[in-house]
Every structure is written in C-alpha cells, then in structure tokens.
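Enquirer: Residue strings, one per chain:
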Amino acid sequence: MFNFLPKGFNFFDLFDKQVDYAVEAAKCFKELVAKGNIDDASLKKIEDIEHQGDEVAHDIFLHLNQTFITPFDREDIHALAKELDNITDMINTIVSRLVIYKLTAVDKNLIEFAVVIEESVSAVSCAVKGLRQMKHSQSIMNSCVEINRLENVGDAMRDKVLAELFETEKNPITVIKLKEIYQDAETILDVCEDVTHVVGAILLKQA
Amino acid sequence: MFNFLPKGFNFFDLFDKQVDYAVEAAKCFKELVAKGNIDDASLKKIEDIEHQGDEVAHDIFLHLNQTFITPFDREDIHALAKELDNITDMINTIVSRLVIYKLTAVDKNLIEFAVVIEESVSAVSCAVKGLRQMKHSQSIMNSCVEINRLENVGDAMRDKVLAELFETEKNPITVIKLKEIYQDAETILDVCEDVTHVVGAILLKQA
Amino acid sequence: MFNFLPKGFNFFDLFDKQVDYAVEAAKCFKELVAKGNIDDASLKKIEDIEHQGDEVAHDIFLHLNQTFITPFDREDIHALAKELDNITDMINTIVSRLVIYKLTAVDKNLIEFAVVIEESVSAVSCAVKGLRQMKHSQSIMNSCVEINRLENVGDAMRDKVLAELFETEKNPITVIKLKEIYQDAETILDVCEDVTHVVGAILLKQA
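Residue numbers (our numbering), protein chains in the order written: chain A, 2 to 208; chain B, 2 to 208; chain C, 2 to 208.
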C-alpha cells in the first residue's frame with residue numbers, strides 16, 4: 002500500500018539538497034556584495050537557486066502528506082522544510098531589493114553581514130546534515146550554539162550600522178533603502194536561528 | 002449530546018460568507034482607488050465589511066471548538082478561516098492607510114494593483130466554494146494556479162513601481178508613504194496565495 | 002518514570018513568573034519615556050528583564066517536551082508562553098530602538114502609548130493568573146475584553162499620531178524613526194490581544 006513512494010525516497014536526502022541550496026545562495030550573496038555589482042548572470046543564478054530550493058520544499062510537503070512513517074514528527078519536518086526555504090527566499094529577496102534600489106556600490110557593512118550569513122548558513126548545514134545520525138547530538142548542538150552566537154553578532158551589527166546610518170547619511174531616500182537592506186540581512190540570521198529551534202525540538206524528542 | 006450546534010450549521014456556509022466579504026472588499030477597493038477619493042461613506046463601508054468578516058471568522062473558531070466531526074482537518078479549517086480573514090483585514094488596512102496618509106490622488110499603479118487583487122480574490126472565491134464538491138478538484142486546482150500566477154504578476158508590479166518611485170519621486174515623505182502602500186497591495190496577493198496552500202493541503206488529504 | 006521533573010514543578014508558576022516580567026518591563030518602559038532619558042542603567046534593566054523572561058519561556062518549552070500531563074492543551078501552553086515572551090521582547094526592542102535612533106526627547110505621544118501598554122499588560126497579568134482557577138472564568142473574560150478595548154484605543158492613537166506626524170514633521174529622517182517607534186508601540190498592544198486569543202481557546206475547551 003505504501004509502495005507508491007519513489008524507491009529509495011528519504012527525507013534526509015531532501016533536507017540535504019535544501020540546505021545545499023541555502024549554502025550556495027549564501028556563497029553567491031557574499032560574492033555579489035564583495036563585487037558590489039549585480040550583473041544579470043548573477044541575479045539569474047540566485048533566482049535559479051531559489052526556484053530549485055522551492056521545488057525541494059514542495060517535494061517534502063508532498064511526500065509528507067503521502068507518508069505514514071517519518072523519521073521524526075511530521076510537524077517538525079514541515080517546520081524544518083519551511084525554515085530552510087525561508088533562508089534561500091530571504092537571500093533572493095535581499096539581492097533583488099539591491100537591484101530594485103540600484104544599490105550597487107560596494108558597502109562594507111553589507112560585506113560584513115554576508116560573511117556572518119555564510120558562516121551561519123554553513124553551521125545550519127552541519128546541524129541539518131547531523132540529523133541523520135542523531136546519536137552525535139553533541140555536534141548538532143554545537144552548530145546550534147554557533148548559529149545563536151552569530152545571530153547575536155548580527156543583532157549588534159545591525160544596531161551599530163543603523164545608528165551610524167542615521168547619524169551620517171543625510172539623504173533620506175538612501176536611509177530608507179539601506180535601513181531595509183540591513184534589516185533584511187539581519188533577518189536571514191534570525192531565520193537561521195529559527196532552524197535551531199526546530200532542530201532542538203527534534204533532538205529533545207529523540208533523547 | 003452534540004445537538005447544541007445550531008440546526009443546519011455548516012462550515013461551508015460560513016466559508017462562503019467569509020469569501021463573499023473578501024470579494025466585496027476587493028470590489029470596493031477597486032472602486033475607491035479608481036475614484037482616488039475616499040469619502041466617509043466608502044470608508045465606513047469597508048470597515049463594516051471587515052467587521053462582518055471578523056464575526057464570521059469568530060463564528061468558525063467557536064464552532065470548531067464545539068464540533069467533533071468536521072468536513073476536513075481542524076487545523077485546515079482554522080488556517081483557512083484565518084487566511085480569508087487576513088484578506089479582508091489587509092484591504093481594510095490599506096484603505097485606512099490611504100486616509101491617514103492623505104493619499105487621495107488617483108494613482109495609476111494602485112489602480113493596476115486593485116484590478117489584479119480583485120481577480121485574485123475572485124479566484125480565491127472559486128477555489129473555496131469548490132471545496133463543497135471536492136471531486137471537482139481539477140477546477141479548484143485551476144483557480145489555485147491562477148492565484149499563484151497573479152501573485153507573481155503582483156511581485157513584478159511591485160518591483161517595477163518601487164524602482165520607478167525611487168527613481169522619480171524626490172519627496173522622501175511621499176516615498177515613505179507610497180512604498181508602504183504598494184507593499185501592502187502586494188501583501189494582499191501574498192495572502193491570497195497563502196489560501197492556496199491551505200486548499201492544496203485539504204485536496205491532498207482527500208485524494 | 003516521570004519523576005525527573007523538579008519536585009513541585011507547575012506550569013502556572015512559570016506563567017506567573019513570565020507575566021510578572023512583562024508587567025515589570027511595561028512599568029520600566031513607562032518610566033523611561035516619561036523621563037525621555039534612557040541611561041545605561043535603565044537600558045540594562047530592560048535587557049535583564051527580557052533575558053530572564055527568555056529563560057522562563059525556555060523552561061516552559063523544555064518541561065512541555067518532558068511532561069505527559071499538562072493543565073491544558075500542549076499547543077495552548079506553547080502559544081501562551083510564546084506570546085508572553087513576545088510582550089517582553091517587543092518592549093525591549095522598542096527601548097533599544099529609541100537608543101539607536103537617539104530619540105531621547107520627551108514625546109507626549111509615546112507617554113500616552115506607554116500608559117495604555119501598562120494597563121494592557123496589567124490586564125494580561127490578571128487574565129493569565131486567573132487560569133489557575135478556571136471556574137472564575139467571568140473575571141478572566143473581563144480582562145480579555147479590557148485588553149481588546151485597549152488594542153482598539155491603541156489603533157486609533159497610532160492612526161492619529163501618524164496622520165499628525167506626516168502633516169507636521171518636515172524632517173523625513175525623523176518621520177522614518179518616529180513612524181517605526183509608534184508602530185512598535187501599537188504592536189505591543191497587538192501582542193497583548195494575541196494572548197487573549199490563546200486564553201479564549203483555553204477557556205472554551207474547559208467549558
């Protein structure tokens with residue numbers, strides 16, 4: 002009766018794929034902001050990653066509705082797929098916003114954010130890939146602690162750069178644009194932290 | 002024991018009512034922005050629709066807590082009522098924001114948004130009313146596809162009008178106001194898309 | 002087997018603690034804005050309250066995952082802890098934003114908001130503490146009605162002060178800052194209203 006699932010179907014494989022797309026998007030974002038120049042090819046690349054990530058999320062939701070036995074709670078699988086999708090979405094959003102706002106100058110604050118974002122998404126990848134072998138939960142927890150640390154780093158960075166922006170930038174239109182961009186950057190780190198909440202719930206239930 | 006439910010009580014009737022209010026609000030909104038003039042009577046009309054919609058949502062939540070047999074999953078009923086309520090709420094919010102910001106000039110961008118919003122809410126109505134006869138799921142799916150298409154149309158419109166706004170509008174206060182209004186307009190289309198996620202989950206479980 | 006819970010552990014005690022922190026934060030906020038001067042000591046005090054509130058929320062989530070018998074639905078316990086945490090979080094957010102934006106002048110609008118916020122959080126405290134004795138549900142419902150009334154008061158205040166701000170403030174940078182602060186203030190009242198939804202669901206199920 003349950004043989005209608007593709008042979009060898011495995012939630013962990015899909016989560017690996019999803020998190021690989023998030024890592025790729027974060028890497029792409031870091032390269033973009035370092036160049037301060039978003040050409041059509043890079044823009045298309047980020048959009049493609051986001052689109053492919055969407056499809057994996059959709060696959061997970063679909064299989065979730067057709068599967069009776071899941072490696073962990075259905076609601077946790079749903080939440081994890083949703084949050085991982087949010088990471089890639091938010092990276093795509095910030096890039097298209099840079100284009101719409103014509104913010105193509107190199108911005109040292111954004112470069113700093115992009116570095117922290119890549120570190121955090123990379124820790125998310127370790128945490129999520131660790132779920133296959135939940136007995137190594139200490140290593141998963143270490144990644145989560147690191148993601149939380151980086152979210153606090155991001156909070157402090159956002160507070161500092163916004164204070165600076167309001168202090169030094171006299172063009173209100175530029176204030177409007179950069180304020181939104183910096184807040185988006187910090188939101189990506191928030192979403193990474195949201196992943197740790199789901200991962201924490203999964204670990205606790207298996208304990 | 003369960004006879005305390007009003008005779009003839011039916012979740013589908015309440016969803017029909019809710020979605021009719023959303024359609025009415027969208028129609029009202031399109032008329033308002035075409036005139037570019039929000040008189041007290043129109044403002045009150047939108048507020049009344051929102052208030053009546055609220056009451057239906059409240060009725061659904063109340064019955065949900067008192068009913069043991071529901072036409073589909075309780076969580077889906079809750080989510081559907083919530084999302085339909087959000088549509089009417091957001092239309093009321095954008096209208097009151099136009100009043101607060103004294104944005105009463107005819108704005109061609111907003112007229113375009115209002116047309117797309119009315120089309121999308123109308124497709125939402127088809128999808129939701131279709132749930133009574135779930136064997137016609139193809140027709141429900143077609144409405145959902147259309148709602149998703151219109152959400153993409155809205156995304157592209159918002160990107161285009163925001164780029165134009167930042168390029169051409171020199172008054173930063175006007176930028177602040179219109180940016181929020183256009184983003185609100187696009188959010189209404191996002192909420193319509195959220196309805197398709199709930200509807201999709203319902204169909205899948207009945208398949 | 003279930004003896005690993007701390008002796009005398011009680012969800013109600015934790016909710017009482019959480020809501021006491023929210024009340025303390027609201028009181029602190031009212032004092033701060035009345036002085037219009039946020040010294041390091043007051044800032045640290047608000048941050049400490051937020052941090053302590055976080056720990057109680059974390060305790061509730063932890064116990065929820067280890068407890069089989071709960072005084073009411075697990076999802077309602079989770080939602081209540083989350084919303085109470087949001088109140089303290091939002092008060093901390095608005096205070097740190099005042100600092101970042103260097104908004105330290107006495108603002109009569111914000112003083113008015115702070116009064117309404119303190120009243121609302123105080124009603125939230127009555128409602129939540131009332132849950133220990135659910136037979137006194139009428140008194141709990143009265144608090145919820147009051148919280149809803151204050152949320153409407155807050156909506157009207159925000160609409161009025163934003164209309165005034167756009168009418169009278171000519172510095173767009175100041176408009177950006179104050180608009181966000183007033184919206185944050187209103188959001189705190191929204192979160193208090195979200196608590197009433199959870200409380201209402203709890204009462205209904207016990208009826």
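Just so you know, these hints were derived from the structure itself, not from any lab.
Among the clues, some could well be false.
In this list, chains with the same sequence are indistinguishable; a pair is considered to hold if it fits within one copy or across any two.
Said to hold, decoys possible - Straight line, CA to CA, 30 Å or less: simulated DSS-like cross-link-like pairs of lysine-lysine:
#1 K130 x K180
#2 K171 x K103
#3 K161 x K171
#4 K103 x K206
#5 K83 x K171
#6 K136 x K36
#7 K36 x K109
#8 K36 x K206
#9 K28 x K18
#10 K136 x K46
#11 K136 x K18
Enquirer: Each hint: holds or not?
Expert: Structure-based check of all given hints:
Taking identical chains as interchangeable, the C-alpha atoms of K130 and K180 are never at most 30 Å apart, the minima being 34 Å within one chain and 40 Å between chains. Taking CA atoms no more than 30 Å apart as the test, K171 paired with K103 passes in both settings, with 18 Å inside one copy and 16 Å between copies. In this assembly of identical chains, K161 and K171 lie within 30 Å of each other by CA distance both inside one copy and across copies; the values are 17 Å within and 26 Å between. In this homomeric assembly, K103 and K206 never come within 30 Å of each other (Cα to Cα): the closest approach is 47 Å inside a single copy and 45 Å across copies.
Taking the shortest alpha-carbon separations for K83 and K171, neither the intra-copy value of 39 Å nor the inter-copy value of 39 Å comes in at or below 30 Å. In this assembly of identical chains, K136 and K36 lie within 30 Å of each other by CA distance neither inside one copy nor across copies; the values are 42 Å within and 54 Å between. For the identical chains of this complex, K36 and K109 are intra-copy neighbours only, at 11 Å inside a copy versus 37 Å across copies, given an alpha-carbon limit of 30 Å. In this assembly of identical chains, K36 and K206 lie within 30 Å of each other by CA distance neither inside one copy nor across copies; the values are 44 Å within and 48 Å between.
Taking the closest pair of Cα atoms, K28 and K18 come within 30 Å of each other only inside a single copy of the chain (15 Å); across copies the shortest separation is 43 Å, beyond that limit. In this assembly of identical chains, the alpha carbons of K136 and K46 never lie at most 30 Å apart, being 37 Å within a copy and 40 Å across copies at closest. In this homomeric assembly, K136 and K18 come within 30 Å of each other (Cα to Cα) only inside a single copy, at 22 Å, whereas the closest approach across copies is 35 Å.
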